[in-house]
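Residue numbers (our numbering), protein chains in the order written: chain A, 1 to 443; chain B, 1 to 443; chain C, 1 to 443.
Do not take every clue at face value.
In this list, chains with the same sequence are indistinguishable; a pair is considered to hold if it fits within one copy or across any two.
Dumping the calculated EDC-like pairs for lysine to aspartate or glutamate here, alpha-carbon to alpha-carbon at most 20 Å [what the hints assert, rightly or not]:
| no. | residue 1 | residue 2 |
| --- | --- | --- |
| 1 | Lys-372 | Asp-104 |
| 2 | Lys-62 | Glu-35 |
| 3 | Lys-47 | Asp-284 |
| 4 | Lys-194 | Asp-40 |
| 5 | Lys-194 | Asp-58 |
| 6 | Lys-194 | Glu-338 |
| 7 | Lys-123 | Glu-371 |
| 8 | Lys-194 | Glu-83 |
| 9 | Lys-47 | Glu-35 |
| 10 | Lys-392 | Glu-8 |
| 11 | Lys-47 | Glu-286 |
| 12 | Lys-202 | Asp-336 |
| 13 | Lys-123 | Asp-367 |
| 14 | Lys-202 | Glu-83 |
| 15 | Lys-9 | Glu-395 |
| 16 | Lys-372 | Glu-8 |
| 17 | Lys-372 | Asp-111 |
| 18 | Lys-372 | Glu-67 |
| 19 | Lys-401 | Glu-233 |
| 20 | Lys-9 | Glu-286 |
| 21 | Lys-372 | Asp-97 |
| 22 | Lys-47 | Asp-332 |
| 23 | Lys-194 | Asp-104 |
None of these hints come from the bench; they were simulated from the model.
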Amino acid sequence: MLSAADNEKLTRTGPNSPMGRTFRQYWMPALLSRELPEPDGPPIRLKLLGEEFVAFRDTEGKVGIVEPRCPHRGAHLFFGRNEQCGLRCIYHGWKFDRHGNCTDIPNATPDVAANLRPRAGIKALSIAEQGDVIWANFSATPPPLPEFEYLCVPDAQRFVSKKFQQCNWAQAVEGGLDTAHFSYLHAGVFEGQKASMLDGGKQATVRGQNEPQSQARMRWLIEDGAPRFTVLEHDAGLLLCAARTADDDCTYWRMTQYLLPNHSLTPGNFPENTSLMNTWVPYDDESCWIFCYAWHPEREISQSERERYLRGVGLFAAVDDDFVPLRRRENDYLLDREQQRTTSYTGIPNISEQDQAVADSQGLIADRTHEKLVQTDLGVVRFRATILQACKDVEAGKRPKALGNAEAFHVRSGDYVAEPGESLLDVVQARFGEFSGSNIVFP
Amino acid sequence: MLSAADNEKLTRTGPNSPMGRTFRQYWMPALLSRELPEPDGPPIRLKLLGEEFVAFRDTEGKVGIVEPRCPHRGAHLFFGRNEQCGLRCIYHGWKFDRHGNCTDIPNATPDVAANLRPRAGIKALSIAEQGDVIWANFSATPPPLPEFEYLCVPDAQRFVSKKFQQCNWAQAVEGGLDTAHFSYLHAGVFEGQKASMLDGGKQATVRGQNEPQSQARMRWLIEDGAPRFTVLEHDAGLLLCAARTADDDCTYWRMTQYLLPNHSLTPGNFPENTSLMNTWVPYDDESCWIFCYAWHPEREISQSERERYLRGVGLFAAVDDDFVPLRRRENDYLLDREQQRTTSYTGIPNISEQDQAVADSQGLIADRTHEKLVQTDLGVVRFRATILQACKDVEAGKRPKALGNAEAFHVRSGDYVAEPGESLLDVVQARFGEFSGSNIVFP
Amino acid sequence: MLSAADNEKLTRTGPNSPMGRTFRQYWMPALLSRELPEPDGPPIRLKLLGEEFVAFRDTEGKVGIVEPRCPHRGAHLFFGRNEQCGLRCIYHGWKFDRHGNCTDIPNATPDVAANLRPRAGIKALSIAEQGDVIWANFSATPPPLPEFEYLCVPDAQRFVSKKFQQCNWAQAVEGGLDTAHFSYLHAGVFEGQKASMLDGGKQATVRGQNEPQSQARMRWLIEDGAPRFTVLEHDAGLLLCAARTADDDCTYWRMTQYLLPNHSLTPGNFPENTSLMNTWVPYDDESCWIFCYAWHPEREISQSERERYLRGVGLFAAVDDDFVPLRRRENDYLLDREQQRTTSYTGIPNISEQDQAVADSQGLIADRTHEKLVQTDLGVVRFRATILQACKDVEAGKRPKALGNAEAFHVRSGDYVAEPGESLLDVVQARFGEFSGSNIVFP
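This is chain A alone, in the form it adopts within the complex (with noise of 0.2 Å):
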């Protein structure tokens, strides 16, 4: 539970905001590389943390992202001409370069376009394109980019997509960051019973015989719906840690990251299995992009595993030519009142719009003022406290966790069966070795 004043300082990222400023020190994925495909396309409109840019990738390949105004006469640079490295206005043919600065007034003479030039350039974000992602940073001297395990794989290794989401960034992230929604909002239903989802299939919580590891994790989740929450802080964030009681007085360990400002890496996944990445970026304060990345330290992603991904599947979503999910707010995820009786918990496919559906659905803004929160509310309640103290730190002039702190970010996340008598620091460091997060702190 928030205060009024706190719930607004967590949702709020316009330019005037303090959640604002902070998240404007931070790396942003802006795009994802495709959306430009080629030198001198199409520019594109923006909006990040609420304000408008246009995106144009130059006749060098390299990406600008600007205000999206001509200094001259206010017309809209979306219609410019994407021209000779450089972004020209149509009405009177101003031009611009990536980096904002103006190359050309040439309805003026050239000793006038000359003293008017210098005082002529737009805001440009700083750019870092990397991983398949045109990333932003809004200051002119940005801090490293984070060293995310999915950029340090090979091209070939990774496959990154996106998904619009209709509510508020912090409510978003707060699902990503509670595992123990898993035993309900992902749950299936097997003759009006909870039952785990296999293979698209579903069945009631019985042990199999020689049931398969990752089969019986979907039962414990289900088995156990309140799960007991640890949380570890390292220098880029937090490791978010849910014990689940498993068979033979084991324990099922789901492990997920929060990384400063608005990262999670998920949990679900073995060692054998790809790893995944979430960043929530707010549009507005009401609506927000989700970049997906999907990895593995070893092995290629296939072909055919990176067209389920563009088809939607987990944490990827179905979504149309813009990204938005074909299931949204404006239909109801196309709920399936007969599937939610007899199939699944929801009535809706897929965790992705599982997840979408239930942080919509707690408003445009969820207003934290008034919860009843309960321990596995744990990892929720750390992150914002992590980020509001972020934000507190950035008011006062200091320099914000995890910001700059690039190595910080080496972390993995992933799921653990620890034998009876395994501590919480055996688990992590078995599990994630040199992955664990530096400085991470054990209570």
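Following the hints, complete the assembly by docking chains B and C onto the known chain A.
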């Protein structure tokens, strides 16, 4: 004409408004029974007096109307699972019964849950399902349901539906109480002259040979466009009596009931005809639901009558699956100017749609500060004074008129042709007898 | 560049704004005559300077533009019956003539009605129907209608239409007065270079053999992108003169008229060409109607010219049945990026749609507080100063410039190729003679 303050008081019904507090004491029709057709069926969203709710019919067939958000983290219960006598949130499985009691908190340990549940209830309305309608009251200790005659007849003698009106409730009520407009809004046109509308045809206002009373009545309505109003008061509201000149020195009386706070019984019926009632329930302050009840005290409503009502006739509109009229604000009620020139006064067929169009046309919320009222507006004036007085009483902590006096609603409306010399007292007693209204006051 | 206060003053035209009071003194085109084609035809809704009205052509063929609500109970007169020289409310039959006089109150007794009628009139605009346009003035004692040349030619020598613009009136006017943008916004592209647009084709800017003046002109526009502006003042407004380098030391002059408060006569024509005028009429502060007039002082407008205007060419847009351009804000003007790369500077065909796109792109209301103006913006600067001065005069109770001086509007615009040594005084007198503007001031 009202002051701006009184217009505001009359029209605003949100939870923190004087009229809102007043309305919340009386019973309101919330839904048609057939909108929740089966136990454990899909929950539905609704809005009542500007407040959002979720309604569901539980395993025992009882209806709950509860606030829409789970108190845990604010997820919307519309997406919830309606199962085993309660609505279960899809996020973490919290469950609520139809009284709003929290009956399960599965993501907490049993002792934490047991402690938390009593403080985790949600607001629920009091419910009375009767006469094909789900009636709701905002009080935990509601008064008895008014004894409307429509509620007292066997099911087969009754037909109920509803329709959406795209303006404030009060101006729509005023249209229902204002029988003077019948001479214009509902008139026909024949050879360029105002005409009566007979059996779907039209006819100039010439007395026919062997003309039945039901046809003569249409002619009197057209011929006398300035009826004389007398308003009588009784314990449930007002009886509005409009006198028009009929043939042979007789007087044609149309008598309408206004019942607090938002019901009317319409005129237009002789004893052999079906009776009609409306209730105007604010959806928000710029739209309302109009519940429409037809019944006959002595005979069944036939199948063909039901089909005509469903298709839209008289006070029943032609509506879509969501009970929104096919002719609506957005399409100018499919107004046909050629028909307006040659056939009907408005170019819009059917009384319901004519009433709807003209009420909407007064604005989303009619401005009553610049009216020029005449004697035929007496009923409208008295309606405003009566409901504003009830509002004043509630604000002063007094019981408002009619509240809890269930028998006082046992009244009728209808038409009568009086011989020369018959007084209004004679007329009312002859026409309504014991249904004249308790403690009715003749001036 | 304007202060925020002056930008507000320039752009707001509602009834209680300084510019609104100023505009309400001048005549405005309200509708095309053909929008009310016949006596006693359907009334239509319109909005003028943010105010709603209903317009109708009465039995005698005269037009009334009246406030939209019946004073009795506020029903909207759009639904009214247009019959026997008046508009009759459908609710209770009150009737109003084209001057707003209440002529019938049929739901009151004759003596009450007679007493009430004089106090039951509604606001009506003064009307002058001339030149295929219904002109309106908010004053009961309006000045004479300006003697635009288009009004003075026979019907057959004139064509008038209108189009909707989705931005504030003032920035649209500025686009009309700013001939400097012709060298960019309206240019073609040929082999990657700016090119002239000839007969729908394109051509690099190379002097052709036996090139006619009309083609050379396109070349000069492209070649000289920084024209020199001189602004001359006369009794009806401003003559904006832009000089570009032509061949053989000649000077190519384009001369535009700005006439108070919201008219322009466009350049681009030599004496043999059709003349063109525009009026920008605020619908509200975020959109306007642009009336478009074409005429020739000496010859008829041919049928094929009329058909081309109707389909959209030059200053006439391709519009739908409601006069809304097919290319519009919502569809990004169907911008074709491939055409922008290879054929036209904007990727949007036709001058009207190019102007429309760039004006809209400045925002719903352009922000003029951060501009960087150059010499080619002189006409825009002088326009703002002129209309703001008129506004100041009105606020001070003085007669604003041009108001009532009907003859002063007898001016022309157009192009001229001056020999070396010809002064602007020579140019204006040679080109326009008696149509140069009364009391024109040469600097």
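Copy assignment of Lys-47 with Glu-35, given that the CA separation must stay at most 20 Å: within (14 Å within a copy, 41 Å between copies)
Within, between, both or neither: Lys-47, Asp-332 at alpha-carbon 20 Å: For Lys-47 and Asp-332, only the inter-copy Cα distance (17 Å) is at most 20 Å; the intra-copy one is 25 Å.
Status of Glu-83 relative to Lys-194 across identical chains (alpha carbons, at most 20 Å): between (59 Å within a copy, 12 Å between copies)
Intra- versus inter-subunit Cα pairing at 20 Å for Lys-62 with Glu-35: Answer is within; shortest intra-copy Cα gap is 13 Å, inter-copy 53 Å.
Copy assignment of Lys-202 with Glu-83, given that the CA separation must stay at most 20 Å: between (56 Å within a copy, 19 Å between copies)
20 Å Cα threshold - placement of Glu-371 relative to Lys-123: between (41 Å within a copy, 15 Å between copies)
Copy assignment of Lys-9 with Glu-395, given that the CA separation must stay at most 20 Å: within (12 Å within a copy, 38 Å between copies)
Alpha-carbon proximity context of Lys-47 and Asp-284, limit 20 Å: within (7 Å within a copy, 27 Å between copies)
Status of Asp-40 relative to Lys-194 across identical chains (alpha carbons, at most 20 Å): Between copies only: 16 Å across, 54 Å inside.
Alpha-carbon proximity context of Lys-372 and Glu-67, limit 20 Å: between (42 Å within a copy, 15 Å between copies)
Identical-chain pair category, Lys-202 with Asp-336, by Cα at 20 Å: within (17 Å within a copy, 50 Å between copies)
Copy assignment of Lys-9 with Glu-286, given that the CA separation must stay at most 20 Å: Answer is within; shortest intra-copy Cα gap is 14 Å, inter-copy 33 Å.
Hint compliance for this structure: no hint is broken.
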